[in-house]
Every structure is written in C-alpha cells, then in structure tokens.
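Throw the hints in and build the complete structure from the sequences for me.
Number of protein chains: 4
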Amino acid sequence: MTKTILTCAVTGNITRPDQTPYLPITPAQIADDCIAAYRQGAAIVHIHVRDPETGAPSMAVGHYRETVERIRDVTSDLILNLTTGPGQRFLPSVEDPSVAAEGTNLLPPAERVPHVLALQPEVCTLDLNTMASGNQVIINIPRTVEEMARLVRDVGVKPELELFSSGDLVMARDLMQQLDFSDPLMVSFVMGIKYGWPPTVEALQLALSLLPEGAIWTAFGVGRHSFPMVAQSVLLGGHIRVGLEDNLYLSKGELAEGNGPLCEKAVRIVRDLGGEIASPQEARALLGLGS
Amino acid sequence: MTKTILTCAVTGNITRPDQTPYLPITPAQIADDCIAAYRQGAAIVHIHVRDPETGAPSMAVGHYRETVERIRDVTSDLILNLTTGPGQRFLPSVEDPSVAAEGTNLLPPAERVPHVLALQPEVCTLDLNTMASGNQVIINIPRTVEEMARLVRDVGVKPELELFSSGDLVMARDLMQQLDFSDPLMVSFVMGIKYGWPPTVEALQLALSLLPEGAIWTAFGVGRHSFPMVAQSVLLGGHIRVGLEDNLYLSKGELAEGNGPLCEKAVRIVRDLGGEIASPQEARALLGLGS
Amino acid sequence: MTKTILTCAVTGNITRPDQTPYLPITPAQIADDCIAAYRQGAAIVHIHVRDPETGAPSMAVGHYRETVERIRDVTSDLILNLTTGPGQRFLPSVEDPSVAAEGTNLLPPAERVPHVLALQPEVCTLDLNTMASGNQVIINIPRTVEEMARLVRDVGVKPELELFSSGDLVMARDLMQQLDFSDPLMVSFVMGIKYGWPPTVEALQLALSLLPEGAIWTAFGVGRHSFPMVAQSVLLGGHIRVGLEDNLYLSKGELAEGNGPLCEKAVRIVRDLGGEIASPQEARALLGLGS
Amino acid sequence: MTKTILTCAVTGNITRPDQTPYLPITPAQIADDCIAAYRQGAAIVHIHVRDPETGAPSMAVGHYRETVERIRDVTSDLILNLTTGPGQRFLPSVEDPSVAAEGTNLLPPAERVPHVLALQPEVCTLDLNTMASGNQVIINIPRTVEEMARLVRDVGVKPELELFSSGDLVMARDLMQQLDFSDPLMVSFVMGIKYGWPPTVEALQLALSLLPEGAIWTAFGVGRHSFPMVAQSVLLGGHIRVGLEDNLYLSKGELAEGNGPLCEKAVRIVRDLGGEIASPQEARALLGLGS
Chain A
1 MTKTILTCAV TGNITRPDQT PYLPITPAQI ADDCIAAYRQ GAAIVHIHVR DPETGAPSMA
61 VGHYRETVER IRDVTSDLIL NLTTGPGQRF LPSVEDPSVA AEGTNLLPPA ERVPHVLALQ
121 PEVCTLDLNT MASGNQVIIN IPRTVEEMAR LVRDVGVKPE LELFSSGDLV MARDLMQQLD
181 FSDPLMVSFV MGIKYGWPPT VEALQLALSL LPEGAIWTAF GVGRHSFPMV AQSVLLGGHI
241 RVGLEDNLYL SKGELAEGNG PLCEKAVRIV RDLGGEIASP QEARALLGLG S
Chain B
1 MTKTILTCAV TGNITRPDQT PYLPITPAQI ADDCIAAYRQ GAAIVHIHVR DPETGAPSMA
61 VGHYRETVER IRDVTSDLIL NLTTGPGQRF LPSVEDPSVA AEGTNLLPPA ERVPHVLALQ
121 PEVCTLDLNT MASGNQVIIN IPRTVEEMAR LVRDVGVKPE LELFSSGDLV MARDLMQQLD
181 FSDPLMVSFV MGIKYGWPPT VEALQLALSL LPEGAIWTAF GVGRHSFPMV AQSVLLGGHI
241 RVGLEDNLYL SKGELAEGNG PLCEKAVRIV RDLGGEIASP QEARALLGLG S
Chain C
1 MTKTILTCAV TGNITRPDQT PYLPITPAQI ADDCIAAYRQ GAAIVHIHVR DPETGAPSMA
61 VGHYRETVER IRDVTSDLIL NLTTGPGQRF LPSVEDPSVA AEGTNLLPPA ERVPHVLALQ
121 PEVCTLDLNT MASGNQVIIN IPRTVEEMAR LVRDVGVKPE LELFSSGDLV MARDLMQQLD
181 FSDPLMVSFV MGIKYGWPPT VEALQLALSL LPEGAIWTAF GVGRHSFPMV AQSVLLGGHI
241 RVGLEDNLYL SKGELAEGNG PLCEKAVRIV RDLGGEIASP QEARALLGLG S
Chain D
1 MTKTILTCAV TGNITRPDQT PYLPITPAQI ADDCIAAYRQ GAAIVHIHVR DPETGAPSMA
61 VGHYRETVER IRDVTSDLIL NLTTGPGQRF LPSVEDPSVA AEGTNLLPPA ERVPHVLALQ
121 PEVCTLDLNT MASGNQVIIN IPRTVEEMAR LVRDVGVKPE LELFSSGDLV MARDLMQQLD
181 FSDPLMVSFV MGIKYGWPPT VEALQLALSL LPEGAIWTAF GVGRHSFPMV AQSVLLGGHI
241 RVGLEDNLYL SKGELAEGNG PLCEKAVRIV RDLGGEIASP QEARALLGLG S
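Protein chains in written order, with the UniProt record's numbering: chain A, 1 to 291; chain B, 1 to 291; chain C, 1 to 291; chain D, 1 to 291.
Quick caveat, the hints were computed from the structure, so don't treat them as lab data.
Among the clues, some could well be false.
One copy or two, it doesn't matter: identical chains are merged, so the pair holds either way.
Said to hold, decoys possible - Straight-line distance between alpha carbons at most 25 Å, and here's what the computed BS3-like set of lysine-lysine pairs gives:
#1 K252 with K3
#2 K252 with K265
#3 K194 with K252
#4 K265 with K3
Computed from a predicted structure; not experimentally measured.
Take a look at the structure:
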C-alpha cells in the first residue's frame, strides 16, 4: 500500500478571524502553524497569506516571503505549496449582468502568480473551476489556466490542480497534453462546496473514472465532511488534506485549537485504517519533486 | 415499465446551416420538422428559432409565434417546449478579464423569457449551468434562474431544468424548494459537452444519486454520443431526446435528412430494448401537465 | 445521522486457539469477552460456542446455556445473537463427487436451531450462502433457510441474514415476502471471504442497490479488511461488526488482546468520522426488537 | 472502437421443446441454426447437443461429432464453442442432505470433457459457479475446474470462463495464474439467472472492477434481459451473446423463429449504437485463437 501524503491547508482566504480564535493570520502565526502541522505528520503545507492588521486575504509578496523564510528557518524538509487562488471572482450587476459589480477581482494570469515566480516553492495550486459561488461567478477559463501553468512551470514549480467538477478534470487532461508537466499529474478533488462535487462516493468514482493513469490524487472535504473524506480518500487509494482553510472543528461543536490538532486526528484515522503517513521525502519521491 | 417520452430538439442555436442542408431555419421549416418528429413518435418538441435570412439564432417573438401557430394548425396534441437559452454568455477581455468582450450577450432574467410569457407553451427549458465554454463563460447564477423560473411559473409554464454538472442539480433542488413548482420535477442531463458531464454511466449514476425522488429525467448526449445515450437512458429508466440541435448524423458519416429520421431511429432503439414510446397524452400524465 | 450499532463476533468457529492466545473458548471466557465488548460499546454480541477441552466448534446447547446465563448474570441490557452456522458443509469425494467425503456436516434445518429454540435469544443469524469454500461447498438452499427462519420466528427470535453475494440478497427478499418477518429486515454483508463479496465499494454498492428499503444493514470485513470496512460501512450509512471471529489483529502484526480492544478501536473510528454509537436500547428501537 | 464479437448460444440444455417449436434438437437442426446465426453475423456458436428422440440434454460424443461435421461441411470460418456444463448438479435429500437425491448428476472432471478432447473445437466453456439453483446446488469447486481447464488446454482448446458472481471471477484469476492460459483471458458474465448476477449496471461494474486487464469479456442476460444486456454490454465496451439457450422471444410475446432472427436483432442494436460486428477472423485476432 502506498503511503499517504497529508497536506495541511493552514488558513485559506474564506475562513474569517471571527469564526475561530485559532486562525493563523500573521506570517509568524502562519509559519508556526505550518511547523505544527509538519510535526504532526504533514508532508505539504498549502499557504495563503493575510493582512496582519485585518486578517483579510492578501496577495502581498512580502507576506509570502516572510512566511516562507520563517518556515525555512526551522526546516527545509517540509514541502511548500502556495495558492494562486485570488483574482477569479466576477459579480454580475443586477441591471446589466455584463458589467462587473463591486467585489469583482478578476485578474489576468500574470498578475496571479508573482509570489510564486518570486519565491519558487516546490508546488503551487491552480484552480481549474468555472462555477457559480452563490450569485458570484468563479472564472478560470482554459486560456487563463494554461498561461498560469506555463509561467509557474517555467520556474520549476509543480502545479497541483484543484478540481471541483468533472469538467475541471477534462481541462486538467488537456493541460497535461499541452504543457510538458513533469510526471506525475498532481490533482485535488475539492468536495462539499456548494455547486462543486458533492462529498459522496459516486462523485469520487466519477472523478476517478476520468483521471489519467498514474496521477497522484487527493480528495478532501470541507466543513463536517473533512474527516469523513480523509477516510474515504484513503479507502480508495488517495491522499489527504485537512486544515483550518477547510474546516474549523475537531469534532462537532469543538473548535480545533490550530492546525496541529487537525493533522493529528487525520493521521490517527489513516493509521486506524491500516495506512502509513508519507514523510516529506517520501512525498517528494511519489510526486516527482526535486532531484 | 414506464413508457418513454421522446423529445425532439429540432434546431438549437449552435448547429450552423453550413454543417447540414437539413437544418430547419424558417418558422415554416421548423414547424414542419416538429410535425415530422411528432409523426415518428416525439411527444415533445424543443424549439429555438432562427433568423430566416441568415440562419443565425434569434429571440424574435414573431418567429416563435409563427412557428407555434404553424404547429398548432396541424395538431394540438404535441407538447411544445421553448428554449430560454440565449443571453447567458460572457467573454472576458484578455487585458482586463472583468470587462466584457465582444460576443458577450448576458441579459437580465426578464429579457430572456418574453416569448415564453407571450406564447405560454406547456414547457420551457431553464439552463442551470455556470461553466466554461471554450474561453467563454456560460453564466446562470441562482438569482437569475430563480427569477426566470418565477416568471414562467406565474403564467403556468412548466420548466424543464437543463443540467450540466452535479452542481446544477444542487441548484435544481434549491429551486424546487423555493418555488412552488407543480410536481414532478422535470430535468434533463446534458452529456458529452466539453466541461459538462461526460457521456458515461458514472456521470449518470452521480446525477441519479442526487435526483429528488419522483423526478422525471431525460439523459441525452451530443454528437456521436446521441444514440448511445438514448439506449443508456432507457436502460436506467430515463426518458430520451434526439434532434439536429444535438447531433447531425444518423450513423457515422451519414447526415440525417431532417429530425424525422433521428426520431425514427431513437424509437427503434427504445423498442429493441423492450420499451414503449409515450404518446403526448401519456407524457402529459407523467409530467403533470394540463388539467 | 442514525447512530451506529456495533456487533461484536467474539469467537466464531474458524479461528483456532493456536492462532491467538486471546481467543475465548470456555463459556466463562466467552461470556467475559461479551461483557468486555459491551463495556466498550457493543450493543449486540454474536456468539458461537466451543468445546472447552479442545477449543473445537460445538453446537452443545449446554455450552450455549451456560454462556447466556453468565452474561445475563451481569446484564440484561446487551442484545444476544446466537449463530446457526454449523451444519452446512459438503465435501464432494474425488472419485465420485456425488458422495459426501469425510468432513461433510450437512444437517436438516431442524437440527441446526435447537439451541435457539431452547434459549430464545433476541437475534440469531441465518446464513444464506451457497458457495465454494476452497474445495468444500457451503450449502444453504432456500428450502433449508426458509424452514430455519420459520422455526426461529415462531419462538420470537429475529433473524439476522448473513449475505455473501448478490444472490443471497435475492433469497433474502424472497424470504421476507414468504414469511411474516417483523420489520425491519436485518442483514449483514460479509466481505473479504474468498469467493464471497470482495471488500470494495463496488461490491457494497451492488449490495445496496438490491436492498429492500428500510432494511438495517451491517457491512463487515474479515482479516485486514475489518477496520477499513468499519469506516466504509459508516461512510455509506451502515452499521458495523468487529471481533475475533473476523480478525485477530488490532493493527498489522499486533494481536488484539481480546474482543474489548477490537471494539474500542471500532468505536474510535466511528467517532472520528462524526458518528455516534447506539446503546443496546437504541439498537432495539432501530431493529424493532422487544415490545 | 473495438468490433463486437457476437456469440450465438443455439440450444442450451434448459430450454424445453414444449416451450418453442423453433428449438433446434437434432444435430442437423443445431448445425443449421449455427449456420443461420453465422449468416446473421455470429462469429462464435456455443453448442450443446440433445437426444434427437426426446430433445433431452445429451453428452453423447456422437451427437457433438455429427453437429460439428455438418457445420464444417458448410464453413470452417465460424468459431465453434462446445459446452462442458452437464455434470454439476447436486440435489440434497430432504431427510439427510448429505446424501444425493435423484437428479444429482455430479461427475468427476475427466468425464465432463470427452467430447472436447475428441473434437478439439477452438473454444469450450468452463462454468465456474457454485450456487443454489432453486433447491438444487450447482457445484464447480476449484479442484474440478482446474482439472477440466488443464485437460482442454492440453489439447489446445481455449476455455471461455462462465461467471455468475464476483466469487467466480476470483476463481478465474486464480486459474489464470495456475495454468498457462494463452492470452487474453476470455470470460462471460451470465446475468439475470436467479441467485446469479442481477442484470444491472451495478453488477456489471463490480464484475469489471475485478477483471484482469486485457481480458475479453461478454455480458449477456437471460429471458427478457437478453436484448437490454446486448446494449449495456456494448455501451461499456463488452462483447455480446444471444440465442435460444438464453431467451425464446424476439420481442414481448413474439417467439423468435430460430436463432437467426435473434442474431439479426442483436446486430441491429450494435449498429444502432455505432458499433461494428467482428467477423470470425477478427474475433480470432481479438481472442488470440489460431496461429
């Protein structure tokens, strides 16, 4: 049985500081939580940054740099995975839906990856979804994704493709053919977000039926689906992800006191199912990272 | 075994006149093909109209009215289903993706249904998809769909919800709860369009796992998947749709000489599998139409 | 979410004393392990008895009586479930396969249930499988199962139907119609025994596709599949079973020191997935036991 | 898309002459129907013989020889596939189920294959099922099947493994490893027989999830499931089988006037789904037959 790679998504950009006092916000806090996750078994940390004053999502390269350096001061073992999520929202105006309303943050591809180009982590995510998000629209059309993929590939960063529907997987297959990604393909199935994949076996089976052979996949759930999806992913041969980006609770009504406890529980589930956790070095071998 | 309802989608708005000489374009041609489909067993015809001069898609109420009247001159038995598709495309500009490029045709909900309100067919479609279509974006956010549904419901038109991903089915369930749709829910699964559901059993199983009990469903495929999906839908208990909107060929390399032959072949497949074709009256009973 | 019923199968008749020193053999040991399972959260114990001298499987009513009385001396809360398994093996002779070879123990139905009729536990199992077991044949033809079901029903014992293939589920449906079982139907899917259901999601989905609505089901695995099937069953809405009848190990290479630790681990998995364990009284309500 | 191999099972041993006047019984009739099937597109005929006087199933080598020679007088193109089914029934006595009752016909392996050894067709079937058949028991334990497989392999006959449950597929995989079968493995999934696989997509998916890579598979249904399973098998990439052994009716209430019309209809379904029928030579290439 392949060992299981645990990714910890430590803060994201949706969770708000008023939802939990344990959300890491400053570069120092984020770095500390990454290390805590690492000590519990995470091989990869998925990083967003925030404005240290307000806790609001940020794309500032400086915050990314400080976070990365603080982690690297402690260990170079842990695999770093930076987000490229911000810049994909379109809000149609009510009167004329072709005009962008306030809140729209659509950016051209090159403006979504400067922190990745500057800091060159081993991995960055690419979102492949175009879908409704309430009455907003998430837009990641093929032209955009392909250019982002090209930019990060050219500095040697491996993309992790975030997939929310079977259509995203079709786009992933196209990308893999158009670009010369280093093998294997690395994808995540994001399950339980409204209008995305439901957190069910049937959704996972559809995803797996479309997956290119040899791809490394992680299925993870949000909210109360987080730990059930850890088990379901392991049972079907996938890797796992937990973290405060996805879920605030250790169990019903019990806030997780940081990302460490979430990772600790995920590791326990994997082991209870007979699995083993991959070290960062083992994860690098599985993912074809480094040399 | 429930009888099978055959819908014929006679012209659509994607197929171009230069692709096949058999595409009906004028109201008279469209009406004739509807009658031809009816004579072969179609209980429902799904109608778009076109500019009689150019063959380009049109939303002109006059063309819809002429088409409907021409059909009604021949028979009132056949169930009419008008599209509300046009008005959902957004093309992000390359330099600033938040600005609509030429080709964008996004419309507010009220401007997408005047022909339905004027002509009050028994059924109209509502597209529930927000997705990439090449580098264009199809946008049907919940607010838009809900208002369109409310408008058509208020004049007694039953919506057929067109679904392209599992997320669309989640929106369909919400709609069913928010509005007082007459039972049963009527949905179509559109399979084989790029970035939509793939034309596979796994996709259909995911769709069915999310479908509200009692819903009447049709699964149909586009292009070369059209006739295979006729069989697959019947085998799993669904209804069927064919027509020049979805597919131009009777068999590989052989253009269908109109919608009649496509319906004839679909009916043969249903019967070869032991099924029976529902008459329009039987379809009305299944769909809760009329009074 | 329905609470999860944990059954502990404490000794079975396949496991041999030389495989683990923790196997309960005497009525006193078996009763003690039932109580240990109960203290860890088991609502039901599934009981076989053994010859106290040799550890070999036994059908002696006296051993069953002593075991039941020893449990009842401690608590009447725990639900007792006695096996009716022995008496179903046929070994074809090599030269003339129609002649039973030594080791054959096929019994007429009435001779397989005297302990159940005498002791009237709340539940007894009925095996519905006819299948190869190596070069032996397990035989439970409909005539036999129906008579056993009738006999135990007439003394008020609820049968739990043990199913090893989709065919067994067909027989279960027939039985339910022929006899006047008290609702709901109670079934177990035995997964991972050679020539029976494989311990996979696809097998479970086939089983569930055939299950009568409202049935209470448990899916459990043998050997190293035991704990993964605990998780898979809970994730799909089923109940669970563990115990030394099914599996000797707490984790790879680590023998379980009795049934208590196996139950403790199963309970931890259920809770880690967000589930709750049903008490015996809650299990009785779900199963329609008692009055 | 791979071409579809059509097998016609012309008479079997379950169908009775009083059920249809079109059942071929004498070697001449069976040979004629094989040729009729071939002319409609069958690449393989699956042959049982019967007592020409009574129509009862027969194992007489002479009848097989006459049938084969009559076919070979017309064509050597058609692939011949002889059954080895008879000799697998055990009827437990009511009073003592370990004693065989009248009707039992269990035979040692060597006595089930003399016609195959004598006539050396390109293919013969091997049944891998042990299961209830009403209150009778079909017995094909691994020891028996392995010896039959060895005997036919040693005279250069390729076995087609007939599978009725997921357990049979496990036995098939073992066989493939123990013996030096010529690639590819050739299997049939028999669907719709009571206590065997139900004629459903879920059953087929379980079967396919267990199938060794590269295996050539046919899924076929009995009775009214015959033609639906033709379509379902083709839709999932499998080959097909029809014939009076499996089903007497061309459509509901309409007896098929021989095997030719059943094949004609199967071929029409394949073509309507966009498939093509394999000639016997194309089938040989797919199956690795000949040299």
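Hints numbered earlier in the text: which of these fail when held up against the supplied structure? Violated: none.
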